[in-house]
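Let's have the full structure, built from the sequences with the hints guiding it.
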Amino acid sequence: MPDKDVAVIGVGQSAFVRGYPGGIRELCFEAYREAMQDAGIPSKEIKALIVCCAPEYDKQRSPSSLIDEYLGLTPAPAFMVESLCSSSTTGFAIAYSFIKSGLYDVVCVLGFQKMSEITSQDVQERMGRGADVMWESPYGTSMPAYYAMYAQAHFANFGTKPDDLALVRVKASTYGQLNEKAVYRKKVTFEQVMESGLVSSPLKVMDCCANADGSSCVILASADRAKEFSKKPVWVMGVGQSNAPMNLASREHMRGLECARIAGEKAYAMAGVGPHDIDVAEVHDCFTIAEILAYEALGFAKPGEGPQLIRDKETYLEGKIPVNVDGGLLSKGHPIGATGGSQLRTIVMQLRGEAGAIQAPNAEIGLVHNIGGVGIYGNVIILGR
Amino acid sequence: MNTKEKNKVPLIEDMFKWPSDEPRIIASRCKKCGTVSFPKLTFCQNPSCEKKRENIEVIELSNKGKLYSYTVQRYKPPEPFRYEPYKPYGIGMVDFPEGIRIWGMITRMDNLKIGMNVKTTAGKLYEDEENEYLTWMWEPVD
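Line by line, the protein sequences are chains Z and B. Quick note: the first sequence uses our numbering, first residue 2, plus one each step. Quick note: the second sequence uses our numbering, first residue 337, plus one each step.
Among the hints, a few may not be true.
Below, computed lysine-lysine pairings styled on DSS-like, alpha-carbon distance capped at 30 Å [stated by the list, open to error]:
1) B:K353 with B:K376
2) Z:K303 with B:K449
3) B:K342 with B:K423
4) B:K449 with Z:K162
5) Z:K60 with B:K412
6) B:K353 with B:K455
Note that these hints are calculated values from the structure, not bench results.
Next comes the structure, spelled out in structure tokens:
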């Protein structure tokens, strides 16, 4: 039984799209409205707003104040949190501790990114600046190149093949086509992945997720308030966080992401569960190799045995540990600050038994693995009903 | 046609030995704890070591190392990176015997293998009317 101190009582997400036609406040409202309707509470119950985004994509400075006003939450305090692609699970961890400490009893975690405010070339440039700008990014590296080096190291150490990566994309598209909020809803075949052009060897176009605009919203509450408002509260069982050196060359090895492994260990220890207790998981598949690394970091597979899990289809709905059955980042798209909240939403719906066509059988405990940068920030959250 | 040879200058000074027949990476080493840093630093980067300028010596790394991991970059990365005329290129991390791993472009794209021996060289990134701008690169020697 999870500790029943802090619960998720509402989740929402905008559609993830290529170019959102409104501004960031309207974009945020889409997720907020859905989460508040889900929670069934009025805005005056929100005691603090945590806005999660990577602000260099925005024209607006200090967006949390704009959004606080637009959502009608003032005078509730608002501030912004950033940990690159894991910003909204970082916001979630802070919301958890706010409630656990008794400082606030209901907190809204709102993640967003409107990457289309700037050109794709500028997005690439800002992405690159998520590495050490003093000397890494000017030397011809890129996000795909960083993950490609992890892939090459995994290939060399464990005999992983491009075919294994393609299988991850095929799974993502199997479920992505069912997700009406996903940016990429086409079925993808193994051959299509294998024939797509190389980006950074061995990663091909279809091994990479797409930029998108989107927002996500998670409402957390104390036990008392959760019982008052919610028939199906989902409880926070474990929160694990860890950082690795920003400079990839300073890391001990490239066989996996240490920040994810350590965050996972912490979250499991806090929750008092292990990998075999997880019924459904959302992992950060910004690239196909990242999902295989996640299997191993989280203990779903032993180091080096991640590829076997996807070859055996064990991470499909029918398998022993369904992973990213909402299509993952590969299908949904990856609006940096909104991604973690979208993952949390999927797991909350799974644990409530409200996931519809992608419902994992008897899901009682679920896990979210959300990574910022190329394995810089690792956040693992375990939820239970 | 201008046949005058352009000056070959490093894109950033003091990162590798140039001009030289045998370019080498310029790093720093802490005389107290042995930590090697690249690019060279003024103070030891080991968090548990003392911060004294006089502990730091500038060193040149061995000219050979082993390729730790690599990729071939198939699209043009955004500014501030400039590589002209752009074509796909190898990029990799190399482990040096001095105990440090360093990024760099690789002089070729094919027949790369993790663990192979490479040596430090210099290669052109781009040029303007006056100069050719060079950076350090890894040249496979196996």
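Right, here's what the structure says about each hint:
no. : hint               : in the structure
1   : B:K353 with B:K376 : holds, 13 Å
2   : Z:K303 with B:K449 : holds, 25 Å
3   : B:K342 with B:K423 : holds, 22 Å
4   : B:K449 with Z:K162 : holds, 15 Å
5   : Z:K60 with B:K412  : holds, 25 Å
6   : B:K353 with B:K455 : holds, 13 Å
The structure meets every hint from the earlier list without exception.
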